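K.L.:
As a plain string of letters, each chain reads:
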Amino acid sequence: AEPIKVGVVLPLTGSMAKFGEIERRSFEMALEEINAKGGVKGRKIELVFEDDTGKPDVGRSAVEKLISRDKVPVVTGGYSSAVVAAAAPVAHQLKVPFVICTGAADDVTEKGYEYVFRINPTASEYPEATKSFLKGVAKVKTAVILYENTQFGQSSSKAFEEDCKELGIQVLMKEGYSAGAIDFKPLLTNVKAKNPDLIYMVSYVLDASLLIRQAKELDINPKLFVGGAAGFTLPEFQMSAGPAAEYVFSATLWTPNLRDKDYPGAKKYFDNFRARYKSDTEYHGAEAYASMYVVADALKRTKSFTPKDVRDALAATNMKTAFGPVKFISYGKKTQQNKLPTYLVQWQDGKLETVWPKDVATKKALYPTPKWSARK
Amino acid sequence: MDVFLQILVAGFLKGGLYALIGIGMTLIMGVMGIINLAHGQLMMVAMYVTFVLHSFFGVDPYLSLFVAMPALFLLGVVIQKYLLNPLIKAETILPENQVLMTVGIGMVLTEVIRFIFKSDYKSVTTSYTGATFFLGSISFSWALVVAFGIAVAFTVAMFFFLIKTDLGRSIRATAQDKDAAILMGVNTRRITVITFGLGTALVACAGTLLVPVYYVFPDLGGPFTAKAFIITILGGLGSTVGAIFGGVTLGLAESLGATYLGMEYEDIVGLTIFVLVLLFLPGGFKRLTKV
Amino acid sequence: MAYFKVESLVKYFGGLAAVNGVSFEVAKGEIFGLIGPNGSGKTTTFNMISGYHRPTSGRVIFKGREIHHLKTYKICKLGIGRTFQVVKPLGRMSVLDNVIAAAFSRVNTMAEARELAQKSIEFCGLSHVRDVLAKSLPIAGRKRLEITRAMATQPELLLLDETAAGLNPTELIEAIDLIKKIRDNGTTIVIIEHIMHVIMTISDRIHAINFGQTIAEGTPVEVARNQAVIEAYLGTDYA
Amino acid sequence: MKKRLYPLILLAVLAGFPLVVEDNYYQHLMILFLMWVVIGSAWNMIAGYTGQVSFGDAAFFGSGAYAAGLLAHHLHVSAWWGMAIGGLAALAVGFPFGWICFRLRGAYFALATLALNEVLRHGTTIAESFTRGMLGIMIMPTFVSKVPYYYIALGMAVVSVLSVRLLIRSKPGYYFVSIREDQDAAESLGIDTHFYKMLSLAFAAFWTGMAGSLYMNYMGFIDPHVVFSLHDISIMAILVGIVGGVGTVYGPTVGAFIMVAVQEMFRSGFFGLFKFLAETTGSESVRALADVLTKGHVLGFGLLVVLVILVLPNGIVGDWDKIKKKVFRIHSPA
Amino acid sequence: MLSIENIDVRYGDLQVLWGVSFEVREREIVVLVGANGAGKSTTLKAISGILKPSSGSIRFDGIHLDQVPSDKVIGYGVVHVPEARRLFREMSVEENLIMGSLSRPAKAKRKETLEYVYGLFPRLRERRKQAAGTLSGGEQQMCAIGRGLMALPRVLMFDEPSLGLAPILVQEVFEIVKRIKEEGVTILLVEQNVRQTLALCDRAYVLENGRVVLHGTGSELMADGHVKEAYLGL
Ligand SMILES: Nc1ncnc2c1ncn2[C@@H]1O[C@H](COP(=O)(O)OP(=O)(O)OP(=O)(O)O)[C@@H](O)[C@H]1O
Ligand SMILES: Nc1ncnc2c1ncn2[C@@H]1O[C@H](COP(=O)(O)OP(=O)(O)OP(=O)(O)O)[C@@H](O)[C@H]1O
Ligand SMILES: [Mg+2]
Ligand SMILES: [Mg+2]
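As they're listed, the protein sequences go chains F, W, U, V and Y. Sequential numbering of the first sequence, starting at 1, is according to the working numbering. Sequential numbering of the second sequence, starting at 1001, is according to the working numbering. Sequential numbering of the third sequence, starting at 2001, is according to the working numbering. Sequential numbering of the fourth sequence, starting at 3001, is according to the working numbering. Sequential numbering of the fifth sequence, starting at 4001, is according to the working numbering.
Bound conformation, chain F alone:
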């Protein structure tokens, strides 16, 4: 029988292509596994990839094309928040379900779009684990928040600022910067003068490493450095920052070491990916991988392959994936949003260890961070 087409929009070229590529490979891995097990309803699934180049207008064109030319009954993918924000209303209006796997802009699932689903947590939820860690272990009094001026940076730093208020932590300084600065010393010199207990940074990988390296150069000694996901969990961060990366915490959505009970296949996915592509994967890949399974699951359950029926099937999703349990619920202003816990990891001896929440921790959190001068 004819294969069922599923549309995927991803940044396959342009500045975000690195992650687009990881996600594309993860989609393909999942697809092969599903098709090898017989596909859905005796039919194979075929993925139609469209390159959104990381730009919203292109992303929108891509989704339009998938829906009206390729006639796909469901679209998934969506890496950049801006692309997702531009493409979601199209899906909503053309009444074809769009299962977002990465784009984290909060308001995409706050507009009541009937045909839009999201698997990953929203940007404002990223600091959840950090928050509970601060409540439970590291009871600091003052914080400084630094963030890159991007969609993700602006929204998750705002969320963390509110968390601080809630926890009674005084925010001494909150400042954005445009990604790619050569020299963070002006910023860090100010930070040093404030002498905070906590430095929270939402930065992409090499800004992250420059921040840490230059904090070392300036001998800035807070009780802890925390990264708000994004760059701090990537191997490049550790490679570039070297020993300065030690002790740095970061929020993350996923690690391969999560328990199989809630995250079936997480480790397997991680290992298979590495074996197959000879390169690393991380939470973005897991999101894509899981997303393929969610779509396939809905296609299995759907009454027919019309977009309407597929949407209804998606809305009824309740399953566990390598990225965690998936169930599209409504809470707060949000609709059809999956709710997942987040984690805190820490660089210890050059390795990324999960340290919080306790029940999934692979190592105990090292806190407080020793002064630079006291390190080897």
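Take these hints with a grain of salt, some might be off.
Per label pair, the in silico range of CB-to-CB distance [said to hold, decoys possible]:
id	chain 1	residue 1	chain 2	residue 2	range
1	F	Pro243	W	Val1146	52 to 62 Å
2	V	Arg3105	F	Gly350	50 to 60 Å
3	Y	Glu4115	U	Ala2027	29 to 39 Å
Computed list of lysine to any residue pairs in SDA-like fashion (alpha-carbon distance at most 25 Å, straight line) [said to hold, decoys possible]:
id	chain 1	residue 1	chain 2	residue 2
4	Y	Lys4129	U	Tyr2052
5	U	Lys2071	V	Trp3099
6	F	Lys135	F	Gln93
Keep in mind the hints are simulated off the structure, nothing from the lab. Small disclaimer: the values here were computed from a predicted structure and weren't measured. Even for Gly, the Cβ is constructed at its ideal location relative to N, Cα and C.
Chains W, U, V and Y with the ligands: place on chain F using the hints.
P.N.:
Relative to the frame of chain F, chains W, U, V and Y with the ligands by itself:
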């Protein structure tokens, strides 16, 4: 006070790197009248050369200057010879075609690099990457101090080259009146090619020196092109000494702005100075220093 | 009241006084010659009259009105036209379009402008190259285009800056005829020229400057005999 | 005589297009095309005719888009109101800018426009509380169908092209071109160059701003990097102008069509042709080629820019005679 | 020693010279006369290589100059002082002069020639640090001629050296041309100042619409009816 001094030092040192970027641009733009919107992209290519030499052959970034600079010189030569020189002959309504050509070249360079290296961020970590020394409580980055020294050396060298040698004079003459230069026996096509190559080699030097303290990725060119413009306009077109002033001024202004206005204003500070200089000091520092 | 006059005009470029106290009066309907060695400030004087440079000090008065603070285009509208020593054709427009652009300073509709331009082109004898692009004209043609364009702005006072340079003696005769025709048409003319044959033949009066300062003024014969003019400008051949 | 009919035929074809081609995707591309006709014509007015090359069209585009977006966001009125305001907002940005920067000439002016755009981009990013910064502004598109957008865009394109046509055949047009050719000469011919440059800039800013607010309405999402983009807006505008033909009435129309088509062609791997070939032939090398082509589409685009400037420095309309001679071996009568 | 044979020259599609032939012999002053746009400047440009003839040949001492790249022509001692002087405006007078002596033999003698030129034009010595663009017209002309001399020319081609100069300077320029000739340099001159140049020259050629229509010695042409009518305004 410490904050202020630290910022001054940081700005000054960054300014040295900026100056190197600016000298290349001032040659290409001021001396030859080519507006080069691919300047930063050429620097990016040089940074990848250094990156490759380091990560595959273990070559120290300072040594790779001896490869990156000639390599980029050649690249500049090819660009000028086969892409820019043909435009000079074509009759067009807008001289700005040439500008657009460099935009195209910039895109191609970025994409070729992306094609080869992906969009990944790469970094080169050396023993001196984070190395600092302290004077009082003020920290100095070794790598930036070295870069500053090299920038000053190149500026002085370029200055004398342009003023005192026949080749340097021919470069300036070609810029002012191409046909007359031909009549004087100057092979102007060769001159333009050499000049563009030199400008590119200089920015390659800046890129290489930046590698140990920064990182590389394909899209890095654009912002540096913008900085190169600001520096060149600040310093005065064609003025090598001006480039040093322009670079240091921009470095200082950015640092001070970032500290006292906020880091997110860093770029706006540079742009504002740029517009102000365009309007109120056309000709840049060259107008004041006369060199 | 003089029709047109400049009063102790001074222009400094940096520390250099290009014009340093030049005064003269021009009567309506005359051809007034301006001569002086190279770099003596003639073109700079024109530039001040036509608003390209603001005088460092001094006044320019046209029909009783001070005009030295006005912008170039306003001065044109007041009825002072000029040509450029270094010609400035609007290269990629046809000769006709060049002149139409000029004519728009007096009229607003396309039809009127075209008519005015045509007249001006015929008057100045450029009809044979009407549809040629301005940039492909030889020097003589370009100089004539300068005049034609200026004429289309219907000037009362016309400033001609070396419009005869580079013409051979025969061409000079044609040029002289044209200038006379313009004057007979009622336009007052101030002319800069190094070719004595031209300036001496057509000027009613001549004003000579050197180093930005007046050295002589009078009829062509008087000026040609003036010792200061001979020393600074004419040389012994013309004496 | 026949030549005069071409635009009318084109208009008829465009008017009938959405009735014949109902495919959303093609309609979408056509809307983009029409939007670029507007932007290209605007750029062509200030750069092509008046000779003041702008590298900062995105500043006007973004102002228009943000005017519409902010209005909808803060006052909860339809972003279509922004259509009226958008053009004016761009004017409001353009006026002080032109007032100050028109004393610069040539490349310096171009650089100043570039700086303006950068300032606005950073400004909108930083002013989070007012502009929502990089969170962007999201509105619900008014129509589900593309047809209304199509006709609005078509209307704008027609009016903008017509107004270019009218303008350049009248006094201002002559003045614009005179300024381009020689500003000093223009002054001496009684042209208030500053005023006419401002007029030309106003025209360009207004239409580009209108296009920006159309974009906001149609796309439903903007953020500073999208609408103040140097590459995607400013450079694209220049490309549309140059590819079509600098200083020609219909050049930008041709340019917009080609650029939108080419961009989409590269992005979609020649509309999936190579992928299709790879699948039907099953050949690995074709598949590899398809892969390279899709991955390298921006590269292809860049190469195209380089090529166009080398081969057709005056654009397709501008170099039409040259093309006819070279390609079709037709010699137009002198 | 310089012979031009049957050259056609065009600007793009526009042909400007049609089968122009003439010759210049050692130590002569030869003048090209013609109306505006006749093609005089174009002829000089063809000789100095800025334009290449589409047919015909230009030989200098047996060397095919038309096959020599334009920047090499000066190396053979064929030097062109262009119309409108074309100085390097932002360079000093001295730098402009030095730019004339880039070829190897000229460079070797740079110091001496510079002294010689300064001797010829003391005004230039006074102004040697000044930017050439700020010189007065006459000084610029001296500078341009000096720059040409710096190349140790064997043939010096002048394109309207008296254009736009005050009468007193016109005299001076003609004096200089004569002096240079006496130093042993061959001269090819284009001038609108027909009367004076014809009196000065050894031989002259008349160009009309890109073709040589007449030639002869200066006095022959001066007496020619056509020349009288068309070029002398008699
Ligand atoms: N824009 C300027 N900046 C600086 N100096 C200038 C400028 N314009 C003219 N000068 C100088 O002013 C002086 C007078 O120049 P001007 O052009 O008026 O001379 P002129 O009498 O017209 O000479 P010519 O007969 O050679 O045309 C010259 O020394 C010239 O170099
Ligand atoms: N760059 C050019 N492009 C096109 N045509 C040109 C160009 N230069 C000159 N011409 C044309 O070639 C012809 C001869 O020009 P040339 O300059 O040789 O004349 P000339 O005899 O030196 O005249 P003049 O006395 O004006 O200097 C003229 O008709 C001119 O319009
Ligand atoms: Mg003058
Ligand atoms: Mg000539």
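K.L.:
Of the hints given before, which are not true for this structure?
P.N.:
1, 3, 4, 6
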